[in-house]
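Generate the whole structure from the sequences, applying the supplied hints.
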Amino acid sequence: MSPLSSGKKGSRHLFMGNEAIARGALEAGVRVVAGYPGTPASEIIENLAKIAKEGSRKLYVEWSVNEKVALEVASAASFAGLPTMAVMKQPGLNVAADYLLHLSGSGVRGPMVLVSADDPGALSSVNEGETRYYAKLMEIPLLEPGDFQEAKDMTTWAFKLSDTIKNVVLLRTVTRLSHASGTVVLGEIPENGSNAFFKHDGFILDPNEGAILSPPVEYKHTEQQRKLKIAEALFEDSPFNTYTGPEKPELLIITSSICSLYSKEAVSILGVRDRVGILKLGTTWPLPPKRLLKHLSSCDHIFIVEEVLPFLEDEVKILAAEHGKTLGAKFFYGKKEGYLPMVGEMNPDKVAAALSRILAMPQPGMDDVYKKRATEISFAGSPHREATFCPGCPHRASFWTLNTALSMDNRNGFVCGDIGCYSMAVLPAGFSTLKTLHAMGSGTGVASGFGKLGGFGMSQPVLSVCGDSTFFHSAIPPLVNAIHHHSNMTLVVLDNSGTAMTGFQPHPGLEKDAMGNVAEKIDIPEVCRALGAEVRVCDPFDVSESRQVLLDLMDRDGVKVLVLKQSCALSPEKKSLKKYTMSVDQSLCAGENCGCNRLCTRIFACPGLIWDKENNRSRIDEVVCAGCGVCSSICPKGAIMKKEAV
Amino acid sequence: MPELTLKHDPYNLIITGVGGQGNVMTSRAVGNMLSLLGFHVTIGETFGASQRGGSVMSHVRISKDSSWSPQIPSGHAHMVVSMEPSETIRVLKDFGNRDVKVITNTRPFYPVGVISGQISYPSDDDIRTWISELTSKAWFLNATEKAVAIGDPILGNVIMAGALAGTGELPLDREVFHTIMASRFSGDILQKNLDAYAFGVESVLSRKI
Ligand code: SF4
Ligand code: SF4
Chain A
-11 MSPLSSGKKG
-1 SRHLFMGNEA
9 IARGALEAGV
19 RVVAGYPGTP
29 ASEIIENLAK
39 IAKEGSRKLY
49 VEWSVNEKVA
59 LEVASAASFA
69 GLPTMAVMKQ
79 PGLNVAADYL
89 LHLSGSGVRG
99 PMVLVSADDP
109 GALSSVNEGE
119 TRYYAKLMEI
129 PLLEPGDFQE
139 AKDMTTWAFK
149 LSDTIKNVVL
159 LRTVTRLSHA
169 SGTVVLGEIP
179 ENGSNAFFKH
189 DGFILDPNEG
199 AILSPPVEYK
209 HTEQQRKLKI
219 AEALFEDSPF
229 NTYTGPEKPE
239 LLIITSSICS
249 LYSKEAVSIL
259 GVRDRVGILK
269 LGTTWPLPPK
279 RLLKHLSSCD
289 HIFIVEEVLP
299 FLEDEVKILA
309 AEHGKTLGAK
319 FFYGKKEGYL
329 PMVGEMNPDK
339 VAAALSRILA
349 MPQPGMDDVY
359 KKRATEISFA
369 GSPHREATFC
379 PGCPHRASFW
389 TLNTALSMDN
399 RNGFVCGDIG
409 CYSMAVLPAG
419 FSTLKTLHAM
429 GSGTGVASGF
439 GKLGGFGMSQ
449 PVLSVCGDST
459 FFHSAIPPLV
469 NAIHHHSNMT
479 LVVLDNSGTA
489 MTGFQPHPGL
499 EKDAMGNVAE
509 KIDIPEVCRA
519 LGAEVRVCDP
529 FDVSESRQVL
539 LDLMDRDGVK
549 VLVLKQSCAL
559 SPEKKSLKKY
569 TMSVDQSLCA
579 GENCGCNRLC
589 TRIFACPGLI
599 WDKENNRSRI
609 DEVVCAGCGV
619 CSSICPKGAI
629 MKKEAV
Chain E
7 MPELTLKHDP
17 YNLIITGVGG
27 QGNVMTSRAV
37 GNMLSLLGFH
47 VTIGETFGAS
57 QRGGSVMSHV
67 RISKDSSWSP
77 QIPSGHAHMV
87 VSMEPSETIR
97 VLKDFGNRDV
107 KVITNTRPFY
117 PVGVISGQIS
127 YPSDDDIRTW
137 ISELTSKAWF
147 LNATEKAVAI
157 GDPILGNVIM
167 AGALAGTGEL
177 PLDREVFHTI
187 MASRFSGDIL
197 QKNLDAYAFG
207 VESVLSRKI
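As they're listed, the protein sequences go chains A and E. The first sequence maps to residues -11 to 634 in the working numbering. The second sequence maps to residues 7 to 215 in the working numbering.
Since the hints were made in silico from the structure, they are not lab data. Careful, some of the hints might be misleading.
[Unchecked claim] Dumping the calculated EDC-like pairs for lysine to aspartate or glutamate here, alpha-carbon to alpha-carbon at most 16 Å:
1) A/Lys359 with E/Glu139
2) A/Lys566 with E/Asp158
3) A/Lys359 with E/Asp105
4) A/Lys124 with A/Asp86
5) A/Lys(-3) with A/Glu176
Right under this line is the structure:
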């Protein structure tokens, strides 16, 4: 058993931010948790699923088909009176937003927390979308933990708050907190609570026993705003809003989330603890006005540190303007004033640089001479490391097939991309095959549109790709759309049997659910066939067959689906199992002289293949090669040998 | 238990390498050991590129009394433990300083650009000279080779953790390591981990590297 479920009250642990959130939910007695995988949120559900699997407490955890469904599933538990949580990364919140608008209008019964994880700097995303604005838009309270202990404590308290106001509470985390680890002192996990029962027979406006719905809108909307006022009042004395610094600071930093640790670091680097105060806010919507006004009246110079957009900055400025008469003029140093960038993530250096500018101090940073020399050395000493697919990754083989098929077809066809490991195919790693890249499922939606442009003279073949998990998440509606409207396109499903990018969470195409129970497997080819598409299934490791099938499909009108099925190289069942022992026959390989343009190492470029400059030959790196055998089929000389591994 | 002290507070340790080499294992093991000894440990890491051959880094902050930013400020590393030699240099460029110390694995993990022959990889001699120039003390060891000999390249991480303990820079001790490993593994796997750790400690203590 992991300390996450068995750790005793008062014991200290090194927890990842996401583990701390999971523990916080357990300490609140959470019973149902639903979400969709997405970095940096995935470990919350993963850890809770493991605990549900242990079976020591009543807990139901699921990876839902997408975030909207996750929110719906979690809310049902709340309607039946249970503590419940939905978990997603920020772009998923966009998917769930439609339901969230209605849910926040109807209110909830059992305490319900929605965790949304932002990825400032897009460390593992294709955007740096913001959660915080949703709190304002949906009129629900927002909490933002500033360290690991708070990640736990605040999650537990979020349930209490939800129980008090009977509405959803939003908890926002960011990558640098979710994926960082720190010390957490544990609290108590309560015994199992009450049973589930949905009361629905009462008077329609009865919040405890009536039907649950958002109309009559004006009445419910007023209720919702009343609940928000209760939260605001509680926030005034919240222990999650802390101040450290002198009574009358020269400069007041207002910050939240992980940026509070960057601020602490910057103040420490510059040695200005006696001049600068830090107001760290944990309750960031609605902001507690009295608390803020107290601090604003102690100092005229305000530096706001947050990521990514100036959310706090705007709200603090509005508050200051509303109380301008009593507060007097304030000097703001924020993103709009250009002290901090309005894109990307923060770090201690950016905050320290801005702070030194505001205080007119010399810029901190590395010793110039050292920095210059280290930079010189690094030019030759640390060659650029481009991200690439893993050795033995089926995606490299699949994109090799797509790319070579498109050039053989020779009509300037293209592929609309989607979200997953395979997004990397915009880069040379995937032979720069993807030409559009947006939201989950959007590749197929965009392809559905491209496929109707024949009437305007467009004759380029249109392809889209999506992973198996993405297929269920949001590629089915656009596929239906394409079929219904006789669009001309080919969807290539890159089925690697799991949500590989985020760590192999199960999805509806697999026979197992999050808790390891047997689940109903939904067959992708069958679904597509039932919808009316022409469907073929190939093994991407068989490059020549896959390519021939794809070329045939591209030649025909209508909606076609090619499922390229092969498990991810990192999938648990494959790990450290080599199917083939590979070698390059040094007498057959002609290197630079053969006219192959060194296909294997220059273009295909699996990290398992090394270019041996001295001998002008390719070689296999046995430590790195995963033994998939694909490269043997790309060498025009047949120099790359595969032998069944024993 | 003797009074445990830190040479700096927070002590800033960077553990680096290439995605797939198992860095997270090292930072977790070191972090857990120090946490068990009562320190406040904060580990910042990027998982995004961690499975896909990109550069990865864990920032470990060790303090007697509080959590620190999961990102170390530039130029503030005290120690860099690196699973890959060119990554050591990359880290020094941003986080190094005249006093920094380094333990580096000497086995290269070639970037795709090098494999494909578009860019070249520095020679072992150059790497040693440069790293020595940029640090106050550097230890070089072929952890991968030894790990493969013990039975699994992933054990290179454990060797590096052992080497870190061997330097005496941090109050890491063998018993705590044993406790942590024994809570996770048993039998042959446990033994291999202990062997790898001991090899790391020994490599530094014997000053053969
Ligand atoms: S192995 Fe084949 S593709 Fe690679 S360089 Fe040699 S001949 Fe060319
Ligand atoms: S067999 Fe070839 S393509 Fe497959 S992992 Fe090894 S080197 Fe890479």
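The hints, checked one at a time:
Using a Cα cut-off of 16 Å, the hinted pair A/Lys359 and E/Glu139 holds, with the two alpha carbons roughly 12 Å apart. With a CA separation close to 14 Å, the supplied pair A/Lys566 and E/Asp158 stays within the 16 Å bound. About 13 Å separates the Cα atoms of A/Lys359 and E/Asp105, which keeps this hinted pair within 16 Å; it holds. Between A/Lys124 and A/Asp86, the direct Cα distance comes to roughly 15 Å. Compliance with the 16 Å bound is thereby established for this hinted pair.
Only pairs whose Cα atoms come within 16 Å are accepted, and A/Lys(-3) paired with A/Glu176 is accepted, the gap being roughly 5 Å.
When each numbered hint is compared with the structure, no violation occurs for any of them.
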